[in-house]
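Asks: Residue strings, one per chain:
Number of protein chains: 2
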Amino acid sequence: MTERLSSEQLAARRDAAGALGSALRDLVDAAVRTEVPLAELQDVTASVQQLAARLRVDMRGLQEPAPLDDPGTGDRWFSPVYGPGNPLAPRLAATDTPDGRATGRVTLGKPYEGPPGVVHGGVVATLFDHMLARAVRAAGRGGMTAELTVTYRRPVRLGVPLLLTAKMNDADGRRTTARARIVAEDDPGTTLAEAEGLFVSLRP
Amino acid sequence: MTERLSSEQLAARRDAAGALGSALRDLVDAAVRTEVPLAELQDVTASVQQLAARLRVDMRGLQEPAPLDDPGTGDRWFSPVYGPGNPLAPRLAATDTPDGRATGRVTLGKPYEGPPGVVHGGVVATLFDHMLARAVRAAGRGGMTAELTVTYRRPVRLGVPLLLTAKMNDADGRRTTARARIVAEDDPGTTLAEAEGLFVSLRP
Chain X
7 MTERLSSEQL
17 AARRDAAGAL
27 GSALRDLVDA
37 AVRTEVPLAE
47 LQDVTASVQQ
57 LAARLRVDMR
67 GLQEPAPLDD
77 PGTGDRWFSP
87 VYGPGNPLAP
97 RLAATDTPDG
107 RATGRVTLGK
117 PYEGPPGVVH
127 GGVVATLFDH
137 MLARAVRAAG
147 RGGMTAELTV
157 TYRRPVRLGV
167 PLLLTAKMND
177 ADGRRTTARA
187 RIVAEDDPGT
197 TLAEAEGLFV
207 SLRP
Chain A
7 MTERLSSEQL
17 AARRDAAGAL
27 GSALRDLVDA
37 AVRTEVPLAE
47 LQDVTASVQQ
57 LAARLRVDMR
67 GLQEPAPLDD
77 PGTGDRWFSP
87 VYGPGNPLAP
97 RLAATDTPDG
107 RATGRVTLGK
117 PYEGPPGVVH
127 GGVVATLFDH
137 MLARAVRAAG
147 RGGMTAELTV
157 TYRRPVRLGV
167 PLLLTAKMND
177 ADGRRTTARA
187 RIVAEDDPGT
197 TLAEAEGLFV
207 SLRP
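Protein chains in written order, with the working numbering: chain X, 7 to 210; chain A, 7 to 210.
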């Protein structure tokens, strides 16, 4: 797809990519939980292979950016943390304000399980990395993650609505720090895990 | 599936779950890179929804363990980091030794992208969390991650074979620390990122 998309085409394509992401999210969830008979599992696998072949007919290369991304807002349609079009991303709904605060809501299912019934620590770290970066970017600061520290206090449970809050902390030259925490929405006083991030930009 | 599986049935089912995981990994990769026409995208989406409905006919609940897991080795068939049956997990091949060392090899594709062409920092943290825990467990120590610190030194690139090494550090009562690093296989002298983890077990 080398020609430029009109804004209507872009909107339609974003919708379609989001719908495919959503359908695949459901399929991934079903795949890690299914107990259907072996023959059915094998039959579904063959169909999945056929669908992959259909999508592979025209694919972007590993270094090519997605035409659906919005360079203005920095929103990435295929982000592995919040991208509607990426089946790996949970349904994270995040917002931010120019004072360097970000809020995210998410409920995590079986594909994100670490210890039994509990969200994998790496998934918690991934959510934090994104929320911290988002708070920093919302304040007009930039940079890549240079250091991320996560402190796990209590199990973060599957199937429970979670609330993440992040806030920019210190800004000094090219360096910006931010802090974040995660709680269950129905128990906002109990911190389940918290994080601190250091972001360093190439220019001040 | 309430009846116990024979060892042959278990092996066949593990194979089938791994094959579905593998096929879905390919489909996820194709979904985040495809540029096929809109109508084709929508048609594939409808097929994905039908496949999910077929797998949902019989599903484990959110708290139910997978019958395919091996309680002896602790291997989890649907782990989001290395589980063959979990499409979210990259193809991570990890080994460990009883002296508390673990080694992992992985190449990450487009679904794991953060900055353009670069692996998302959260994905790097997730790989570290697993490798650190694996080193600790290999030494006969246990526990949940209490703290994880990741230092990002250089971009970790998509499409490049990566090598992760982890080593148990201090063991003191219920507390165990471990360190890990990640390099490109063809440039083992350059640390791309490193991590330290603290694990705390319920009993000594």
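In short, the hints are calculated from the structure, not lab data. Note that CB positions come from ideal geometry on N, CA and C, so glycine has one too. Hints may be right or wrong, so weigh each one.
Unchecked claim - Pair by pair, the computed Cβ-Cβ distance ranges are:
1. X:M150 with A:E14: 25 to 31 Å
2. A:R163 with X:A190: 44 to 50 Å
3. A:G195 with X:S13: 44 to 50 Å
4. X:R60 with A:D178: 21 to 27 Å
5. X:S207 with A:P43: 21 to 27 Å
6. X:P104 with A:N175: 22 to 28 Å
7. A:E191 with X:G165: 35 to 41 Å
8. X:L11 with A:R10: 52 to 58 Å
Claimed, not checked - A short list of chain A residues far from chain X (calculated; beta carbon distances all over 10 Å):
9. R39
10. E46
11. S53
12. Q69
13. P86
14. A100
15. T101
16. P117
17. T157
18. A190
19. T196
20. T197
Asks: Does A:E46 really sit off the interface, with its C-beta more than 10 Å from all C-beta atoms of chain X?
Replies: 7 Å, violated
Asks: Regarding X:M150 and A:E14, is the given constraint of 25 to 31 Å on their beta-carbon distance met?
Replies: Violated, since X:M150 and A:E14 (Cβ atoms, about 50 Å apart) do not stay within the stated range.
Asks: Was A:Q69 rightly flagged as not at the interface, with every chain X Cβ beyond 10 Å?
Replies: The claim breaks: A:Q69 does not keep its Cβ more than 10 Å from every Cβ of chain X (closest is about 5 Å).
Asks: Confirm or reject: A:A190 is not an interface residue toward chain X, with every Cβ-Cβ distance exceeding 10 Å.
Replies: Nearest chain X Cβ is 15 Å from A:A190, so the label holds.
Asks: Does the claim that A:T197 lies outside the interface with chain X hold up, using a Cβ gap greater than 10 Å?
Replies: 14 Å, holds
Asks: For the pair X:P104 and A:N175, does the Cβ-Cβ distance stay inside 22 to 28 Å?
Replies: 42 Å, violated
Asks: Can we confirm that no CB of chain X comes within 10 Å of the CB of A:R39?
Replies: 4 Å, violated
Asks: For the pair A:E191 and X:G165, does the Cβ-Cβ distance stay inside 35 to 41 Å?
Replies: Distance hint for A:E191, X:G165 holds at roughly 38 Å.
Asks: Is the nearest CB of chain X more than 10 Å from the CB of A:T157?
Replies: 5 Å, violated
Asks: 44 to 50 Å was suggested as the range; check whether the CB atoms of A:R163 and X:A190 agree with it.
Replies: The hint (44 to 50 Å, Cβ to Cβ) is violated, given that A:R163 and X:A190 are roughly 37 Å apart.
Asks: Since A:T101 was said not to touch the interface, does its Cβ keep a gap of more than 10 Å from each Cβ of chain X?
Replies: The claim stands: A:T101 keeps its Cβ more than 10 Å from every Cβ of chain X (closest is about 19 Å).
Asks: A range of 21 to 27 Å was offered for this pair. Does it hold for the Cβ distance of X:R60 and A:D178?
Replies: 55 Å, violated
The structure fails to meet hints 1, 2, 4, 5, 6, 9, 10, 11, 12, 13, 16, 17 from the earlier list, while all remaining hints are met.
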